[in-house]
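For the protein sequence lines, the chains are F and A, in the order given. End of the first sequence sits at 357 in numbering that gives the first Met the number 0; the numbers just go up one at a time, nothing left out. End of the second sequence sits at 397 in numbering that gives the first Met the number 0; the numbers just go up one at a time, nothing left out.
Check before you lean on any hint, since a few could be wrong.
Unchecked claim - Straight-line Cα separation of at most 27 Å, DSSO-like style, residue types lysine-lysine; simulated pairs:
id	chain 1	residue 1	chain 2	residue 2
1	F	K220	A	K177
2	F	K223	F	K44
3	A	K2	F	K1
4	F	K218	A	K2
5	A	K98	F	K251
6	F	K174	F	K240
7	F	K2	A	K191
8	A	K177	F	K240
To be verified - Which bits of chain F does chain A cover? Going by a derived footprint, with three or more residues having C-beta under 8 Å, they are:
id	stretch
9	16-28
10	107-119
11	223-237
Keep in mind that the hints were calculated from the coordinates and are not lab data. Note that the Cβ used here is the ideal one computed from N, Cα and C, for glycine as well.
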Amino acid sequence: MKKSYLNGMSCISAQPTAAEEDFFQIEPISYHTPVFKAHNADYKKYIKPVAMRRMSQSVKMGVSAAFMALEEAAIKKPDAILTGTGRGCRQDSEIFLETILENNEEFLTPIKFIQSTHNTVGGRIALELDCSAYNFTYVQDAVSFESALMDAHLCILNDPEMNQVLVGGIDELAKNSVELHKQDGYIKQETEVHNLDLLDHKTNGTLASEGAAFFVLSKEKNEKTYAELVDAEIYNQASQKEMEQHIDRFLKNNNLSLEEIDVVILGNNGDLEFDFYYENLQNGIFKHTEQLYYKHLMGDHHTVSSVGVWLAAKILKQQLIPNFLKLTTKKTKKPFKNTLLYNQNRGRNHSLVLLSAC
Amino acid sequence: MIKRVAITGMGIISSIGSSVEENFNSLITKKHGISCLEILETRHQKTFPSGEIKISNDELASQLNWPKDKVFTRSALLGGIAAKEAIQSAGISDISDAKTGFISATTIGGMDMTEKYYQSFWKNDLSHAYIEAQHAGYSTDKIAEFLGINGFVTTISTACSSAANAIILGARMIQAGKLDRAIVGGADCLSKFTLNGFNTLMILSDEHCRPFDKNRKGLNLGEAAAYLVLESDDLVKQKNKKPLAYLSGFGNANDAFHQTASSSTGKGAFLAMEKALETANFEPEQIDYINAHGTATPNNDLSESVAVKRLFGKIPIFSSTKAFTGHTLAAAASVEAVYSILALQNNLVFPNLNFGNKMEELNMVPQTELIEKELKTVLSNSFGFGGNCSSLIFSKSN
């Protein structure tokens with residue numbers, strides 16, 4: 000049977016996940032506000048300063064993260080470039096929109112419009128790599144990255160000509176969008192939130208941040224392989240009960256039982272209104288499973304689940320779980336073989352991703 | 000070679016009609032839908048003729064029986080109308096009788112509502128529900144809800160090739176056995192954002208657009224939604240359906256030349272068409288008609304022509320239908336998929352309106368009158384910003 004392997008990856012997030020030092024060995028950065036930016040990576044290494052000046056955060060993060068993942072997998076040109084972004088190039092869209100409204104549709108310049116399209120990052124990566132390969136951009140809220148990942152998985156399993164596929168998720172903060180989402184309650188309204196105590200803040204809304212994580216998916220396993228991507232699925236709408244059934248069916252389809260899941264990585268974001276989706280599983284079917292979370296460290300955005308996949312792959316390769324990811328004080332039993340990720344956004348756009356150690 | 004995928008239903012709303020039948024009647028009577036803007040509030044209402052659908056949001060909502068206070072976007076409304084027709088035409092009474100996915104394409108998402116309410120967001124609680132509506136997936140969520148599809152639902156946004164890519168993904172999911180049925184296509188409404196954006200690029204024409212003409216001045220924007228129903232062979236057999244047509248091949252490639260402009264060699268376009276032929280296992284001579292991207296911008300039409308000329312020794316009959324509908328962006332490829340299928344079903348080549356003189360660079364003349372011609376295969380092109388190029392090959396159902 001054909002398989003797909005994660006042979007290279009990168010992650011830019013609110014934590015120093017793109018730094019030299021192993022993220023699992025450091026003390027994570029703590030934040031005291033509900034909104035925090037990405038911990039910047041060494042963008043200069045990948046992007047010329049002249050080009051960088053005009054680039055939005057998404058493009059900088061996306062292009063750099065793409066290069067890092069390819070570099071790690073020692074791939075020059077992938078056979079496909081698949082990106083996911085929940086909100087797209089918010090910064091440039093916001094500027095173009097505000098200029099239209101403020102100037103009554105006059106005195107506009109094209110650059111912000113050009114860079115506002117959702118496939119700006121995917122197109123830019125193709126341009127930088129001079130790569131004419133298959134190139135799709137997914138923009139489905141919290142399953143934008145998973146949509147891209149499912150496509151990448153299809154490419155590797157079903158297309159005999161595709162051996163190496165680049166897949167990633169990117170989302171950026173934009174000033175006024177953040178303010179608006181504080182107004183509609185999507186982002187926590189309190190001015191002070193300590194991220195490391197996120198789950199003690201029993202209030203509505205989440206923490207907002209940004210980032211980009213990229214992966215090289217390959218047909219062949221090698222010494223660089225982190226993990227096998229076994230399967231991924233998305234569900235537009237599901238109740239708690241239906242989600243349990245989906246998990247059950249998903250595992251059965253992959254010939255696994257609940258007991259065989261060693262680690263479950265959940266998307267808890269401290270939103271009083273919607274975290275019950277996770278809590279239900281924590282206290283239910285995954286009661287005896289090692290439970291992890293990450294949004295307290297990374298903040299939340301629409302492709303932050305790509306960071307979850309990055310963490311899962313790292314855990315499987317290193318066979319190590321740092322304490323700062325743990326939801327419970329359960330004693331971890333080694334080795335970890337199968338890791339399941341579950342995420343949702345405000346009760347919609349649920350996703351399951353299954354990774355296995357190699 | 001890929002296994003072809005059956006198309007069992009289609010639906011459309013554009014400026015030349017609110018159903019497949021109305022669109023067909025306009026195409027065969029050369030009735031275009033380009034006019035002065037009336038519904039979109041912009042200072043450019045009279046400057047740039049556009050393919051605007053002259054139906055208000057309230058009217059669209061009432062056609063769909065959506066409550067007036069429901070938070071919707073114009074793209075979701077247009078999408079709802081087209082997807083509903085597609086499902087009806089496929090004879091589906093229970094959408095959950097097979098594993099059904101919904102893959103929609105959009106570039107604009109809910110920007111029409113964002114630009115309308117943006118300034119009141121800061122003071123008005125009532126408009127807050129529209130803050131979330133801006134993101135692309137929101138409109139898709141609303142259409143999926145309306146259709147009763149809860150499982151695999153996603154959105155593709157690759158500029159003007161978006162709907163072609165939605166069709167490609169649906170076909171691949173069915174081929175891989177991940178879905179039995181996929182509702183695929185796109186929906187994009189007009190907005191100040193896109194109109195002004197294209198204006199800054201100086202590629203909007205202040206006249207009716209003239210695809211492939213020597214003196215073409217640019218494109219007319221349009222709005223539309225169109226969806227196809229793709230079904231697996233097993234499902235087609237089980238339900239004893241006769242498909243409208245088949246998707247026989249597809250290709251996607253990146254021009255990797257410039258963020259917005261197409262390369263002079265038409266590299267991406269060439270590769271996409273070549274890949275489509277390869278997946279269909281067709282020789283170029285087997286293509287009977289090309290429904291070209293043909294936006295009527297100086298850059299696209301030349302680049303596309305160069306690519307077509309390079310790939311096809313003898314150039315098949317071709318036309319662009321953009322002068323009927325305007326360029327409907329993310330919906331364009333699904334709109335033209337519907338037209339390609341209509342062409343196959345009726346053995347007709349639809350005319351390329353407003354063409355006068357061929358371009359100097361190439362000896363290429365599009366089909367300017369409606370003609371009858373036995374058609375077995377149609378190739379449809381869609382190219383977009385970010386270098387994203389896609390080609391689809393449709394073939395007759397027999």
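Against the structure, the hints come out as follows:
1. F:K220 / A:K177: Within the cut-off at roughly 24 Å; holds.
2. F:K223 / F:K44: Holds, at roughly 22 Å.
3. A:K2 / F:K1: Cα-Cα ~19 Å, so holds.
4. F:K218 / A:K2: holds (22 Å)
5. A:K98 / F:K251: The given pair, whose Cα atoms are some 17 Å apart, holds under the 27 Å limit.
6. F:K174 / F:K240: The hint is violated at about 37 Å.
7. F:K2 / A:K191: violated (47 Å)
8. A:K177 / F:K240: holds (23 Å)
9. 16-28: violated (count 0)
10. 107-119: holds (count 11)
11. 223-237: Satisfied; 6 residues make the cut.
The structure fails hints 6, 7 and 9 (numbered hints given earlier, in ascending order).
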